[in-house]
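Peer 1: Chains as they are written, first to last, in the working numbering: chain A, 2 to 560; chain B, 508 to 927; chain C, 833 to 1009.
Read the hints as simulated data drawn from the structure, not as lab findings. Warning: the hint list may mix true and false statements.
Over 10 Å on every C-beta distance to chain A, these chain C residues come out as not near it, computed from the model [said to hold, decoys possible]:
hint, residue
1, 950
2, 983
3, 986
Simulated coverage check for chain C against chain A, where a stretch passes if three residues somewhere in it have a Cβ under 8 Å from a Cβ of chain A [stated by the list, open to error]:
hint, segment
4, 842 to 853
5, 926 to 937
6, 965 to 979
Here's a subset of chain A near chain C, in silico, CB distances under 10 Å, partners left out [said to hold, decoys possible]:
hint, residue
7, 13
8, 140
9, 402
10, 406
The beta-carbon is built from N, C-alpha and C at its ideal position, and this holds for glycine as well.
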Amino acid sequence: MIQNTKCECGHQNPLGTVLCESCGKPLVEDLPLDTPLEMRYDGAARRSQKANPALIDRVWNFFSSVKIAVYLIIITLIGAAIGTIYPQESTFINLDDAGSYYKDTYGTWGTIYHALGLSRTYQSWWFIGLLVMIGTSLVVCSLDRVLPLYKALAKQQVRKHLTFITRQQTVYSAPLVEEPDRWIEQFSKQLKRKRYKVWTDGSALLAEKNRFSRWGPYINHIGLIIFLLAVLGRSVPAWHMDKYIGIDEHQTVQIPNTNYYVKNEKFTVEYYKDEELPDKLKGTNRAKLYQTQAKLYACTKYCNDDPIHEPELKEVESHPIEVNSPLSYKGLSLYQYNYEERIRLIEVKPMLEDAKTGKSYGPFDLPMSDPPPAVEAGPYKLTLSAVFPDFGLDAEGRPMTKTRDPNNPAFVFVITGPDLPDKGEMYIYFPMPSGDDKAVQQQINDSFRKLGSNSGRFSFQVGKMENVSFSQYTTYLNVRVDRAMPYVWVGATISMIGLVMGFYWQHRRIWLRIDDGQLTLGAHTNKNTYGIRNEVASALGKCGVAVDPKALDNRRSSS
Amino acid sequence: MNRWLDISSTAFIIAFVLYCASFIFYAVAVGGKRWSNREPAAHNRRWGRIAFVTAILGWIAHLVFFFTRWAGGGHIPTSNMYEFMTFLAMAIMFAFIIVHLIYKNNLLGAFALPLVVIIVAYASVFPSEVQPLIPALNNYWLKIHVTTAATGEAFFAVGFAAALVQLLRVVDFSRTDKAGRREQRWTEFVLFFMVVIVGFLVAVFGFRAAGYEAKFQQESVTIDQQGAEHSKVQTVEYGLPPIVKPYNSEKLSMDTFIGMKEPLFEAPSWMNGVNAGRKLNTVIWSIISGILIYAVLRLLARKPIAARIHPHLTDIDPEDLDEISYRAIAIGFPIFTLGALIFAMIWAQIAWSRFWGWDPKEVWALITWLFYSAYLHLRLSRGWQGTRSAWLAVIGFLVVLFTLIGVNLVIAGLHSYAGV
Amino acid sequence: MKRYRKPIQYLILAAVLLIGGYAIGQSFFTSKTVLSSGNAAPEFELLGLDGQVHDLASYKGKPLVLNFWGSFCPPCRDEMPALQAQYDKWKDQGLQLVGINLSEDRVSVGSFIRSYGVKFPILLDKNKKTERKYGLKEYPTTFFITADGKIQDIVIGGPMSEETISARIERLFASGQ
């Protein structure tokens, strides 16, 4: 169908125009009769509505359609909902075999869920694809609408076509007895008092306020685009890191893939007292506050896994890390994630006691990790012949270490020195002060004596507590780098500003003309017609035209 | 317990009673217009004013409850399900008062108040003790996030109430064609759904008042991330007679209920989560008691309930209701965005070190937001107004309810407060 | 304005294609890469029990068997005699067999080696770094690496029998010719 786009007022409109850009007369003939005009984008031609679309235009038109945008929103919504049926893989920190986990925990449905890739819904290509399409739709839809709308609102005609006025949502028409010019002046004064901007053109009037609210949705969309781009920016490896590390007290651990080291100086936890708890929870340990005294170090030398040298560290930051208070340094953030109570010895300083002479020698330093091969205590030399960080016995009853973590360390020393045989005497030592360990220690040393490896005269005593350093808690920290965060917040803020502009103010316009003593008024707002009816009725009332706000409603009078 | 909390619980009861009274007054205002020897408009105005004043008084009592509990508990009372639901009810009242002051429509009160009453009653299902906060919840962003999100949702609730009135207003009971019948059926179904919720409350409080109790011992097997099996024996307590018992469980004790001494069925094996059997049992009881209440109402009305309400709504224009519903949602949308998404992200960034983690609760907040954006786009750009838009407002509020309650009951995530 | 319409459209769609393509492409490559046969063996540089630093490059040119072990892991201990026997059998033909200890302290490693009579060279992994590079999930894990540095076989778990080891070493030599 070839549409005649030239209006009777002489204005040449672009193809696809619904209402004449100049006088507002409806140009499309099959518009529904007697109902209020569709005023979106002021009837201007959207950019996408062009004849003879080429491929690129077709793609453009696809994304320019609000219908498509709504479909995209709905599909994304359903997809997101499906992703919440079972926990996502990303909620587990260590999940080596996801497939069997879903099968074992959720049965057949879990297997299907995992096989379809739904256990990684939000990282899947189709979900990200949907977000990309929504982003595209945001850009294209906004561009196609904001420019024509801007043009239409920038060059508004004061005198509009009668059909345009009488087919607004809010209308009023009645004979006017007063002299038109004076009445219009009086009426415009009333409107100005309501903060309208008023233009007059002879016996025609245009009043407008809060035009800026029309830009709200587009500002919101700009914010959303920035937000989405920022979220995408997090996938750039240098912009994002998410690691978990566990550190015992007094331990220093390297943050993986960085030159930073973090030390857990001290960990403290405070529990709720019984009187602070409701009856049901009394006697339970409910943590109130936990805190890691952390020090962050930067490596200055021998950083790249040098096999011989220990890295040289320089302290750059220290901070008590709590759940809501991370340590931050140059974009790196350390968050308190969790903790575990697990006593681990770090170093003991025992004395070597000789039961034969009653003398004791030492103390000597015995660190749990990487102990020195030999130490001196008085005249005696103690050579470490074996270390078992987590002592246990294997199937044949031989001593072994159960893990490589120092949960229950045991040391086998060969003592040489004055009045001892050349091959020395062999003793096992358990520094952990538990009763079980002491019994095992006694048992093994006795069996050594039976074999003739020792005479039983030596023993190890730690004595005072200050000779023992240990870690009571292991703290778990979450290491984060998120360089995109500022952009995320900027996007969210812009989006919010747009929403407030668009929803809490309404663009209102009033057109009025007086032809031969007949007053015709039409008013339009994109939201809150109730408000504009009240405003118009009150302004009319002050100018001697009493009218009930409800009577102005065009939809009602037509139904 | 301290004195503040005593004042608090008294204020709560007063608020509840006043809300109920206000609902009755609104019902009189709307339903009693055609009673003899009175002028309808004056009657409506008079009773509407009484009802509104009662509602305001109730809200003040509710505020007293809130702030005294804050003082007594030492932290803002929004940290468990009981506290959150009471806060939501308070926020809905706030939204209702705002919208009422703009539009001054009694019908809205007649539908918003029962919603508030239901939510307050629902809150009371949960244990009401003040609980100490776990460290993650101890942050002022929590207060800001929860209160703003609830306020946004409250406006959606008012939008729902107005949309429901509109549906009841426009549904045409004279139509007998397929589309007309479908419309009648679905409108009735929404009412039935609300009756089921009332049924849930009646069942829970009825059996609680009677002191009913049953206990089961359930053995559940979980597989940890290393693939090792752990079996755990838990005691599951029922407050409602067990129609279904938990999967793989033994009866420990059970009160008899009209001759029922043994549970009738066992929950299916895939319902092996903590308390899944009890939740299923609660759902079954809610539906049973909902159906009973509905049947009584149908007998009294002698026609569909929607058809009974419909004639009382004729003197309001559907366009006004459409406008109220849309306006409430339009006010609520930016607040919801700010509270449930932006503030939530800020808090999550501080407390959990990531602003977004696809936690079920977060995802459902996003779903709610997407749904209402679809609503707004359909309305503004595709001209979906009137009935279609009203249906969307109703469905939207169901999504909100699922986000608030369903996610906690069905899907457990980081937000898991105390369950039913 | 009209004159710029087309270029702007092209520009925006191109940006969408680029950014969107990147975003969707990302989603395909997020899963962790697991070493499998055919991959090049990851680099390492470790201190040996002999006090010298050894890196992967120093083993190039001859077939290499890398055995990750710890004294805390029973199957690791159980397969030590088999490994030693195979080392004795093949070393004259140029086989290199190296044990990488799983981050234990020197003394434990030394006493273990002595008590089990292990003679092949042992390297000390520090802070589990090499272990992570090789993506170990189970102990022991043994990599059979060809003379040109390609992984030919991976045996996860143990203990391996002498036949298991022998068959794979034969293949290592076969592929070198």
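Peer 1: Confirm or reject each hint.
Peer 2: Cross-check of the supplied hints:
Separation of residue 950(C) from chain A is adequate, the least Cβ-Cβ distance of about 15 Å exceeding the 10 Å criterion. Consistency note on residue 983(C): stated as away from chain A, and its beta-carbon is indeed over 10 Å from all of that chain's, at 20 Å minimum. Against chain A, the non-interface label of residue 986(C) holds: every CB pair exceeds 10 Å, the least being about 16 Å. Taking a C-beta to C-beta cut-off of 8 Å, the segment 842 to 853 of chain C contributes 6 residues in contact with chain A, enough for the three needed, and the coverage statement holds.
Closer than 8 Å: that is the beta-carbon criterion, and the segment 926 to 937 of chain C has 4 residues meeting it against chain A, so the requirement of 3 holds. Restraint check on the segment 965 to 979 of chain C versus chain A: 1 residues with Cβ-Cβ distances below 8 Å, three needed, restraint violated. Checking residue 13(A) against chain C: minimum C-beta separation of about 14 Å lies over 10 Å; hint violated. A hinted interface residue such as residue 140(A) counts as satisfied when its beta carbon comes closer than 10 Å to some beta carbon of chain C; here the least separation is about 6 Å, so the hint holds.
Hint status for residue 402(A) relative to chain C: holds, with the closest Cβ pair at about 5 Å, below 10 Å. The interface hint given for residue 406(A) is met, as the beta carbon of that residue sits about 9 Å from the closest beta carbon of chain C, less than 10 Å.
Hint compliance for this structure: hints 6, 7 are not met, and every other hint is.
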